[in-house]
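Residue numbers for the sequence shown follow our numbering, so the first one is 36 and each next one is one higher.
Honestly, the hints are just simulated from the structure, not real lab data.
Please read all numbers here as calculations on a predicted model, not as lab measurements.
Do not rely on the hints blindly, as some may be mistaken.
[Said to hold, decoys possible] Derived lysine-lysine pairs resembling DSS-like cross-links, with alpha carbons at most 30 Å apart:
1. LYS252 to LYS124
2. LYS573 to LYS625
3. LYS606 to LYS623
4. LYS482 to LYS321
5. LYS528 to LYS482
6. LYS238 to LYS151
7. LYS573 to LYS528
8. LYS530 to LYS671
9. LYS530 to LYS606
10. LYS625 to LYS668
11. LYS514 to LYS671
12. LYS623 to LYS482
13. LYS625 to LYS671
14. LYS528 to LYS606
15. LYS252 to LYS321
16. LYS482 to LYS606
17. LYS604 to LYS573
18. LYS668 to LYS623
[Said to hold, decoys possible] Simulated DEER-style distance windows between Cβ atoms:
19. LEU69 to GLU212: 22 to 30 Å
20. ARG405 to SER368: 52 to 60 Å
21. THR459 to ALA532: 28 to 36 Å
22. VAL433 to GLU633: 57 to 65 Å
23. VAL387 to ARG234: 46 to 54 Å
Built from N, CA and C at the ideal position, the CB exists for glycine as well.
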Amino acid sequence: MPRRWRRQNRASRWGWPASTVAAVVLAIGALAFLDVFQSVEARLSDRLFLSRAPRSDIVIVAIDDASLQAVGRWPWPRRVHAELIGILKPVEPAVVAFDVAFFESSSAADDEALAKAIASVPTVLTVEAQDFTARQRPWQGSGLLQPILVLRQAARALGHAHTPAQGDGVVRVFPDELVTPEGEFPPFALAAIASRGGRRDFKSDRINFVGPPGTIKTVSYADVLAGHIPAEQFRDAFVFVGATAPSLHDTVLTPSSRGNGLAGVELHAQIAEQVLRGLPLRVAPKQATVGVVVALGLLIAFTFPRGRRLRHAALVALVFGLAYNGLVLLAFSRGLILNIFWPNVTIMAVVVAMVGVEYLAASRERRFIRETFSRYVSPEVVAHLLEHPEHLRLGGEVRTLTILFSDIRSFTSISERLAAGELTQLLNRYLTAMSAVILQEGGVLDKYIGDAIMAFWGAPIPMADHAARAVRAALGMQKALEGLNAELAREGKPKIAIGIGINTGEVVVGNMGSQQRFDYTVIGDAVNLASRLEGLNKIYGTMMLVSAETERELPLEVFRREVDRVAVKGKSGAVTVFELMSGEEFEKNKRALAVFAEALEHYRAQRWDEAEAALANVLALRLGDGPSEVFLKRIKVFRHNAPLPGWDGSWQAETK
Numbered sequence: 036m037p038r039r040w041r042r043q044n045r046a047s048r049w050g051w052p053a054s055t056v057a058a059v060v061l062a063i064g065a066l067a068f069l070d071v072f073q074s075v076e077a078r079l080s081d082r083l084f085l086s087r088a089p090r091s092d093i094v095i096v097a098i099d100d101a102s103l104q105a106v107g108r109w110p111w112p113r114r115v116h117a118e119l120i121g122i123l124k125p126v127e128p129a130v131v132a133f134d135v136a137f138f139e140s141s142s143a144a145d146d147e148a149l150a151k152a153i154a155s156v157p158t159v160l161t162v163e164a165q166d167f168t169a170r171q172r173p174w175q176g177s178g179l180l181q182p183i184l185v186l187r188q189a190a191r192a193l194g195h196a197h198t199p200a201q202g203d204g205v206v207r208v209f210p211d212e213l214v215t216p217e218g219e220f221p222p223f224a225l226a227a228i229a230s231r232g233g234r235r236d237f238k239s240d241r242i243n244f245v246g247p248p249g250t251i252k253t254v255s256y257a258d259v260l261a262g263h264i265p266a267e268q269f270r271d272a273f274v275f276v277g278a279t280a281p282s283l284h285d286t287v288l289t290p291s292s293r294g295n296g297l298a299g300v301e302l303h304a305q306i307a308e309q310v311l312r313g314l315p316l317r318v319a320p321k322q323a324t325v326g327v328v329v330a331l332g333l334l335i336a337f338t339f340p341r342g343r344r345l346r347h348a349a350l351v352a353l354v355f356g357l358a359y360n361g362l363v364l365l366a367f368s369r370g371l372i373l374n375i376f377w378p379n380v381t382i383m384a385v386v387v388a389m390v391g392v393e394y395l396a397a398s399r400e401r402r403f404i405r406e407t408f409s410r411y412v413s414p415e416v417v418a419h420l421l422e423h424p425e426h427l428r429l430g431g432e433v434r435t436l437t438i439l440f441s442d443i444r445s446f447t448s449i450s451e452r453l454a455a456g457e458l459t460q461l462l463n464r465y466l467t468a469m470s471a472v473i474l475q476e477g478g479v480l481d482k483y484i485g486d487a488i489m490a491f492w493g494a495p496i497p498m499a500d501h502a503a504r505a506v507r508a509a510l511g512m513q514k515a516l517e518g519l520n521a522e523l524a525r526e527g528k529p530k531i532a533i534g535i536g537i538n539t540g541e542v543v544v545g546n547m548g549s550q551q552r553f554d555y556t557v558i559g560d561a562v563n564l565a566s567r568l569e570g571l572n573k574i575y576g577t578m579m580l581v582s583a584e585t586e587r588e589l590p591l592e593v594f595r596r597e598v599d600r601v602a603v604k605g606k607s608g609a610v611t612v613f614e615l616m617s618g619e620e621f622e623k624n625k626r627a628l629a630v631f632a633e634a635l636e637h638y639r640a641q642r643w644d645e646a647e648a649a650l651a652n653v654l655a656l657r658l659g660d661g662p663s664e665v666f667l668k669r670i671k672v673f674r675h676n677a678p679l680p681g682w683d684g685s686w687q688a689e690t691k
């Protein structure tokens, strides 16, 4: 097979998928790097959060509707907050963190009372920057709003309460340090924890939410004031005080809030829970996402089942989808958020692209098979190849096949008796009739060589009975020729006689030819021998000769007789040759054929008298038996020139 075709075959197998996958992966990788569809990715990541049991040492004292009804409209007098601290002080809470703005003075007595209370327990208050940006880390702010001097001097620490939402209005980002002209302030929850010696340097990309609203233990402010809540609940606890009443409008949306607002004070409490548990949540960098996209694209491309059906592609998508999303869940449980959107898009896009490539390749393959093999084989064989293209290995392979050659006898004399148009018409009728028989037996019409036909069986579809099929085709061709000759006789045109040679053996089969044109054909010694056998018919006066290799594969019901052992040109050893005949002819000449077998034994034993007598008997029983006449002539030669010592009974053919 031409080297160029092999290169094209490899290119078609790997070039299209590789270039297609590369284009898909590059496009998706670029989009992932540019953070396109970031909001979609964020919403997908939100679904990773599952509720977990919160710590018991974090308690929210909620300024709820019941408290507003009991204490009065907001804002409350600051002595109320001083009273709350006074209730908590005996049980020594770890810290009391007020998510309440004390940015303006109230009555001097109230401010003094609250300052005194704040100084009695570890207390954290909030600050707020009026001009604030989270575009860079640490966060930047100006126009600082902070508690009045007397309160901030009494407080253990100050922390900022900024928790900016992303573009879709959902709070996800873990708060960073706030840098202002007045100083640097930690996030409110970190300030509360640091006031008791905890970590202030805790870093996380995302808030690791505990659960939906109400997950953190919450008690009503009014119930604490009324003494309905056992004070022991606050011992060594991180107490967060803030608004939960809807009328105070201090709620945010979070991944776990399920569409309901989460009170700002509980948001800070959940951040504190994350820090106390040591559960940072990192987001995989864009470069890692691009790497995952590339890796998935390559893995799918290399493991994608070639030439399989759509359900196999769906299975590939399912397996890779389950594997990657399982990895996402595992990574999330270890504190890492992997990108969900783009890798899953990659899986689907690459699978769809590969299906498309496979479909196009299959369409090209089917078109190639249809265009190429419809010239050689029957429609049934073409249909089989289209259904089972794996039977077609176009790269060239060694197979054991059966090859048939046929040729018209005395074609030159026929052509001299007919005009060019008549000769063409006659040849077309003959080739059509013969080809129909070959195709009917599942053969491949390799080529027409003038009036000669070359065909073979056993490829591209494997056939266990390729020898029997070839022999049936030969017998069928002779039968079809009888019908054609009857038509030609009625038309006054010359009769056609053909010789057929058949051999079975190993050949190379595949597409062969030049860079401009190649055909599906066979080459090898077995092909040459089939051609030689066809030519030997002229010597022996027979119509169909087959080799011993073919004869061994034939069923018993195929009638044949051994004719000779011949050393043909191109073969080092002698070949045993058999003549095929129809069942009718065999029965008609059974006695003559038996006597011929006896004559053959005498001939090979150099018993010339017995051989001559037997051959004469054959000719008496079967007038004009070609092989008998050939052997009689040879015996005359051997009587004058005896065979060399060790002669095996074979004859050296002088012609091809």
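Against the structure, the hints:
no. : hint                         : in the structure
1   : LYS252 to LYS124             : holds, 19 Å
2   : LYS573 to LYS625             : holds, 23 Å
3   : LYS606 to LYS623             : violated, 35 Å
4   : LYS482 to LYS321             : violated, 61 Å
5   : LYS528 to LYS482             : holds, 26 Å
6   : LYS238 to LYS151             : violated, 34 Å
7   : LYS573 to LYS528             : holds, 23 Å
8   : LYS530 to LYS671             : violated, 34 Å
9   : LYS530 to LYS606             : violated, 34 Å
10  : LYS625 to LYS668             : holds, 23 Å
11  : LYS514 to LYS671             : violated, 36 Å
12  : LYS623 to LYS482             : violated, 35 Å
13  : LYS625 to LYS671             : holds, 27 Å
14  : LYS528 to LYS606             : violated, 39 Å
15  : LYS252 to LYS321             : violated, 37 Å
16  : LYS482 to LYS606             : holds, 24 Å
17  : LYS604 to LYS573             : holds, 16 Å
18  : LYS668 to LYS623             : holds, 25 Å
19  : LEU69 to GLU212: 22 to 30 Å  : holds, 28 Å
20  : ARG405 to SER368: 52 to 60 Å : holds, 55 Å
21  : THR459 to ALA532: 28 to 36 Å : violated, 20 Å
22  : VAL433 to GLU633: 57 to 65 Å : violated, 41 Å
23  : VAL387 to ARG234: 46 to 54 Å : holds, 47 Å
Comparing the model with each numbered hint stated earlier shows that hints 3, 4, 6, 8, 9, 11, 12, 14, 15, 21, 22 do not hold.
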